[in-house]
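Asker: For the sequence shown, the residue numbers in UniProt numbering are 1 to 217.
Calculated from the structure, these hints are not laboratory results.
Any given hint might turn out to be false.
Derived DEER-like restraints, expressed as beta-carbon distance ranges [stated by the list, open to error]:
{"id": "1", "residue 1": "GLY78", "residue 2": "ARG113", "range": "16 to 24 Å"}
{"id": "2", "residue 1": "ARG61", "residue 2": "ALA86", "range": "39 to 47 Å"}
{"id": "3", "residue 1": "ALA48", "residue 2": "ALA99", "range": "17 to 25 Å"}
Bear in mind that the values here come from a model prediction, so they are computed numbers and not experimental data.
Think of the CB as a built atom: it goes at the ideal place given N, C-alpha and C, for glycine as much as any other residue.
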Amino acid sequence: MWGRFAGHILAIFALLAQAGGTAAAQDRAGEFNHYVLALSWNAGWCAAEGDSRDADQCDPREEIGFLLHGLWPQHVDGWPEFCRSATRDASRRETAAMADIMGSGGLAWYQWRKHGRCSGLDPAAYFDLARRAFESIARPVELRRLRSAVEIDPEVIEAAFLEINPGLGDDMVSITCRDGRFREVRICLDRDLEPISCPGRGARDCRARLITLDPMR
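Put together the whole structure using the sequences plus the hints.
Answerer: Encoded structure:
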């Protein structure tokens, strides 16, 4: 019995070992193609998740529009995450300092663990880069003037970003939604933070014809 199947079993083990080696190589800090800058519409996140958590950033008195979800290293197809890195981990002071554009130090810490380590940068350099990326993209003020939820074509949101960011093309920007709500704008950037066409599956589009755009908190 073993003689009949030994070759097949050894072949399966070889494929598993090869797949494991590929995954390890993809999750090596500093080895990636480009970044995706994810800008989260705070009101959409609050309506879907934040309100139930009583998150501070969902207090209407805060008047928060877009927040930085993250700056994510990407491969041409796929992305690394939770990379092993020789650099030190981010301190509580460093993550807390990102709360003004990320909503909370807790998100900054998670983003460092999942994505920042893969940049190959130390925490100070990574968070500085993420802040510069966030500040490099103009955000439409019209979205901040909503007083009630509206149904909108996601392409209208994309067009608003393209209009005020002349360096962006429609192949560089993606609108994401979840459960019928507008959630994020994702923009592909090179390692110098210059906008680029999104290679592979660097950004995913919302496929809905109409989505709910919640008013700013």
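Asker: Hint by hint, note whether the structure agrees.
Answerer: Going down the list of hints, with the structure as the test:
no.	hint	verdict
1	GLY78 <-> ARG113: 16 to 24 Å	holds, 18 Å
2	ARG61 <-> ALA86: 39 to 47 Å	holds, 43 Å
3	ALA48 <-> ALA99: 17 to 25 Å	holds, 20 Å
When each numbered hint is compared with the structure, no violation occurs for any of them.
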